[in-house]
Each structure stands twice: as structure tokens, then as C-alpha cells.
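Asks: What follows is the residue order along each chain.
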Amino acid sequence: DTAVSQTPKYLVTQMGNDKSIKCEQNLGHDTMYWYKQDSKKFLKIMFSYNNKELIINETVPNRFSPKSPDKAHLNLHINSLELGDSAVYFCASSAGTGVRQPQHFGDGTRLSIL
Amino acid sequence: EDQVTQSPEALRLQEGESSSLNCSYTVSGLRGLFWYRQDPGKGPEFLFTLYSAGEEKEKERLKATLTKKESFLHITAPKPEDSATYLCAVQAGYNTDKLIFGTGTRLQVFP
Chain A
93 DTAVSQTPKY LVTQMGNDKS IKCEQNLGHD TMYWYKQDSK KFLKIMFSYN NKELIINETV
153 PNRFSPKSPD KAHLNLHINS LELGDSAVYF CASSAGTGVR QPQHFGDGTR LSIL
Chain B
85 EDQVTQSPEA LRLQEGESSS LNCSYTVSGL RGLFWYRQDP GKGPEFLFTL YSAGEEKEKE
145 RLKATLTKKE SFLHITAPKP EDSATYLCAV QAGYNTDKLI FGTGTRLQVF P
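First to last, the sequence lines map onto chains A and B.
According to our numbering, the first sequence is numbered sequentially starting from 93.
According to our numbering, the second sequence is numbered sequentially starting from 85.
Hints are computed from structural coordinates only; laboratory data are not their basis.
No experiment lies behind these values; they were computed from the predicted model shown.
For every residue, glycine included, the Cβ atom is placed at its ideal position computed from N, Cα and C.
A few of these clues could be false.
What the hints assert, rightly or not - Which stretches of chain A does chain B cover? Using the computed rule of at least three CB atoms under 8 Å from a CB of chain B, they are:
(1) 132-144
(2) 151-159
Stated by the list, open to error - Quick partial rundown of chain B residues pointing at chain A, CB under 10 Å, derived from the structure:
(3) LYS126
(4) GLY127
(5) GLY138
(6) GLY186
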């Protein structure tokens, strides 16, 4: 059983479009995250939700809007896509906030903007 | 500013040739240091958490150690299946579980 699953795995779209990425975890975790991995493989946090409440919001353009309908899901909606948004987006989850709770990652969504 | 630097950027080893990967960090108030393994096209897979200087953790051919300024991931007698990118991340400060990642070491082990 996949612990953290993301859909779609690949997303190719035109500049200016709006798209969504979905994430679901079946680990029973309370906290979920979105990370962006750029072409140099640098992984950087974007958002974090704990029990459906936003707790981390890094300096991300407001074209990116996360939504958590319940503890097991955290979706990412991106408006007016730009070339610089091309990257791999990873969803992760952990049992709670705190250093003793490692984060577990999905396999990523590769977003390519034409 | 909190920073994590990994070296080398890439490492090629012969099967059985032991080596170490380095992760140096500059953070205020380290709460934990994490090692992850990432295979191509996959997400990072959790390996270890280290909490304080002097701590060591082992898993099969991997051993992670921590000092006040850096962490090492020692790979003993590696096999081709150990080929992957190894990522180091730190959690620093209070009231946050944000992970700050290094850019990784790409390890290739040849038979």
C-alpha cells in the first residue's frame, strides 16, 4: 500500500493555465507538507498543514494555494502558471510537529510548463 | 541564515570500497538532523534522525554520526543497490518542523 500518493505523476501544460496536484496519505498522520525540488535537486518547503490548519507558509507566490479538506489530504492549486514553476513537487506527511516525527514523502509530481 | 552544505556533490565507488559523505550545517538551535535516500523518479526515503552531538545510528551498510558542526554518513562495503542521492536535512529553531535540505550527494557504486 502506498503511504503518501500524489496525482498526477506528470503534468505538462501551457503558461498561464491553472492546475491542481492532489496528495493523500494513509498513514494516519496529522501533518502534511508541500515541497518544491528545482532542476538542481534542491528541495525547499512551501507549506505545512497540521490538522487542516496552515502552520508554515514560506515565501511562496500567492498563485500557489494549498487546500486541506481533511487530515489525509492536502492539495495544491496553482494559478497562472509561469515557466519558473517547472519543478518536481513533493507531498510529505508526519505523525505530528516536532523533531521526533520524520517526514515521509510521496514520489512527486513533475510539472513542466511549455 | 540557516544553511546545509553537502559534499562531495558526486561520488563514484567500486563495490566494496568504503567511504563517507559529509553534511555540514550552520543553524541556530539544532533540534534534529535527518538523512534521506532518494532514487531517480522517487521521493526521499527516510533513513535516520540524529538529535545531539556524539550520537550514532546504523542501518545495514550505513552509519550516521553527528558532531556540533557536521554529520557523516559512512558507507561500508557498498553494493550497486546503494546507488542513490543521499540528502541531509536539519530542523532548527522552535515552534517549527520545517526541514532545511542540502543539495545532496549523488552516489554511484559500480560492480
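Asks: A separate judgement is required for each hint: does it hold in the structure or not?
Replies: Evaluated hints:
Look at the segment 132-144 of chain A against chain B: 7 of its residues bring a Cβ nearer than 8 Å to a Cβ of that chain, three or more, so the hint holds. Against chain B, the segment 151-159 of chain A contributes 0 residues with a C-beta closer than 8 Å to a partner C-beta. That does not satisfy the three-residue criterion, and the hint is violated. Because the beta carbon of LYS126 (chain B) sits about 5 Å from the nearest beta carbon in chain A, less than 10 Å, this interface hint is met. Because the smallest distance between the Cβ of GLY127 (chain B) and any Cβ of chain A comes to about 3 Å, under 10 Å, the interface hint for this residue holds.
A distance limit of 10 Å between C-beta atoms decides the matter here; for GLY138 (chain B) the minimum to chain A is near 17 Å, and the interface restraint is violated. The criterion of a C-beta within 10 Å of any C-beta in chain A is met by GLY186 (chain B), whose closest approach is roughly 8 Å, and the hint holds.
Checked against the numbered hints listed earlier, the structure breaks hints 2, 5; every other hint is satisfied.
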